[in-house]
Amino acid sequence: MSAVSTEAAAPLSKMATLAAHLEATFGARLTRLAALDQELAYEVVPTDLIAVCTVLRDDPRFAFESAIDVSGIDYLSYGHQEWDTHDATSTGFGRGVVGQDSVFVPPEPRARRFAVAYHLLSYANNQRLRLRCYCDTAEPPTVPSVVAVWPSANWFEREAFDLFGILFQEHPDLRRLLTDYGFIGHPFRKDFPLSGHVEVRYDAEQGRVVYEPVSIEPRVLVPRVIRDDNRYDAALTAGRSGN
Amino acid sequence: MSEIQNFTLNFGPQHPAAHGVLRLILELDGEVVQKADPHIGLLHRGTEKLAESKPFNQSIGYMDRLDYCSMMCNEHAYVMAIEKMLGVQIPERAQYIRVMFDEITRIMNHLMWLGAHGLDIGAMTVFLYCFREREDLIDAYEAVSGSRMHATYYRPGGVARDLPDSLPKYAPSKFRSKRNIDLLNEARSGSLLDFLQDFTDRFTKCVDEYETLLTDNRIWKQRTVNIGVVTPERAKALGFTGPCLRGSGVVWDLRKHQPYDIYDRLDFDIPVGVNGDCYSRYLVRIEELRQSNRIIRQCITWLRANPGPVLVADHKIVPPRRVEMKGDMESLIHHFKLMTEGYTVPVGETYAAVEAPKGEFGIWLVSDGANKPYRLKCRAPGFVHLSALDEMVRGHMLADVVAVIGTLDIVFGEVDR
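Same order as they appear, the protein sequences are chains L and Y.
Counting from 162, one number per residue, gives the positions in the first sequence under the working numbering.
Counting from 12, one number per residue, gives the positions in the second sequence under the working numbering.
For the record, the hints were derived by calculation from the structure and aren't laboratory data.
Be aware that a few hints might be false.
[Said to hold, decoys possible] Computed footprint of chain Y on chain L, listed as stretches where at least three residues anywhere in the stretch have a Cβ under 8 Å from a Cβ of chain Y:
(1) 189-198
(2) 218-232
(3) 363-369
[To be verified] Computed footprint of chain L on chain Y; a stretch qualifies when at least three of its residues, placed anywhere within it, have a C-beta under 8 Å from a C-beta of chain L:
(4) 64-78
(5) 206-220
(6) 245-258
(7) 288-299
(8) 350-357
(9) 388-396
[What the hints assert, rightly or not] From chain Y, some residues computed to sit far from chain L (all C-beta separations above 12 Å):
(10) LYS60
(11) HIS268
(12) ARG332
(13) ALA399
Each residue gets a CB set at the ideal place from its N, CA and C atoms; glycine is no exception.
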């Protein structure tokens, strides 16, 4: 997506060098993930995370001084669609309230549901790297904390704990961050309804704000659909660039 | 003396210097801060989760509401992420327009920051000065998008429409004399580019005015010099970006180091501070005002000379024009599909970052091939900067907390998301 093609060549080779260094240093501890051009992504298992991250920070060939972003992700409903359009659709999608589930329930439990993505930045080498670490067990999902390696991860991990319920082992101060005092649940999980479970209003009789179960009925206006788009088929668009 | 203990003070969330809804639990020893624990989330709206429930284009407007002082920069990161995934190359003119509005946004944001920061630590006049100039830039927003703050102007594939040839003018009213109205309308008589040209001609002198009020002001310096010092190493470790990082002396700007759109063709400098204190960050931002002004001038010159499309012509992504729909069945179908379903984005993920006025604003976008994002994560600079507040204010006086909050330039729309 770089504007000038002559410049695109330089960072690419730099990226290839980084990839070669990474694979030589860590070997089987890192698994390369598919990524767009100009981006580099690896998967790492939780037991290796701290060791790998420490080297990534301290080795001058990598020098990832900063964790620019750490975020959780819940893969529960990955690939799920609300309206199947694969065959020519004989049924429409009802946009009304009736019969819609507020929560997605997967047909079978996902073995690797939660993951944490680390976006690293090296100011010295002007390079970025994405690491993905799938959490250990199903419930509660756990992953080692990287606060000791990068202090900037502190609030990012608190956020991921709050929103996804991912436990970061040895985090110095793992409290909720964004949700209300006394909030129950982890709202960014895919099985947490968009409208939430409780709503608040001021009760004039009691003279205070009260919590009540939500009165909103869940409703999907635009269904989630996945289309097999030939334009994105690599085999068909091999000779073409752009859109 | 042993009975004297630290005491805990609640600061905010309705304190005027809390910049919105920051609640701080301060542990004080006399007037010296021992510990600061920010409680955030009072403005948490679940933007990321909401975006997961909507087609891609419908979330552009949410981006404005994240950092509501630098609206278009947030949109820029979001549409850039989508364009990366789709593999769309946007027209050159759209790139120039985006860069120009990014810099307009930067000036708007820094003016807002300068005015509010000044008010926080005792300088009243600068606020009035800043808002005088900011008004013109908001008018520019209004001219292109119809909205003074939440523009929703950037679209995947370019910008919503080309720059207008005329601007709305002030109408006569009993509160303004004819002479004043004519004076206000004089700059608005030409196109938007003429108006911005006129603004950039005036603006350097305006920055000089702000500086006469603050830069050598004894009280200003007493409040900011050596307050909230962050070393370059610490700034990197804490994930600082933008003026906060540059104020600590680290030469790092995504516009230079990882240029997007046409930043690599423009001539501008990156100001860098020396001491890493509040005063350094102030100086960096003041110089950024001047540099942004330079960038806008270069964009104006180019945009005057090079008319052209501002949106890609691919109607699988960009809805067709109204007039095309009137007589063309295929355009009507495209429009219908885009409005009822949107477009699907290929499976994959990307991280797109722009140099927003406050620092690196990044979007991590994961798609499973659907017409809605699977996961959207907004990496907000203010969130990271605020997480370092505790470290920055320890050992300072209570009044310095306000100076540090101000210098971090936090806006709760993006901190809480």
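Each hint, compared with the structure:
| no. | hint | result |
| --- | --- | --- |
| 1 | 189-198 | holds (count 3) |
| 2 | 218-232 | holds (count 6) |
| 3 | 363-369 | violated (count 0) |
| 4 | 64-78 | holds (count 4) |
| 5 | 206-220 | violated (count 0) |
| 6 | 245-258 | holds (count 5) |
| 7 | 288-299 | violated (count 0) |
| 8 | 350-357 | holds (count 5) |
| 9 | 388-396 | holds (count 4) |
| 10 | LYS60 | 6 Å, violated |
| 11 | HIS268 | 5 Å, violated |
| 12 | ARG332 | 18 Å, holds |
| 13 | ALA399 | 8 Å, violated |
Violation of the numbered hints given earlier is confined to hints 3, 5, 7, 10, 11, 13; the remaining hints are satisfied by the structure.
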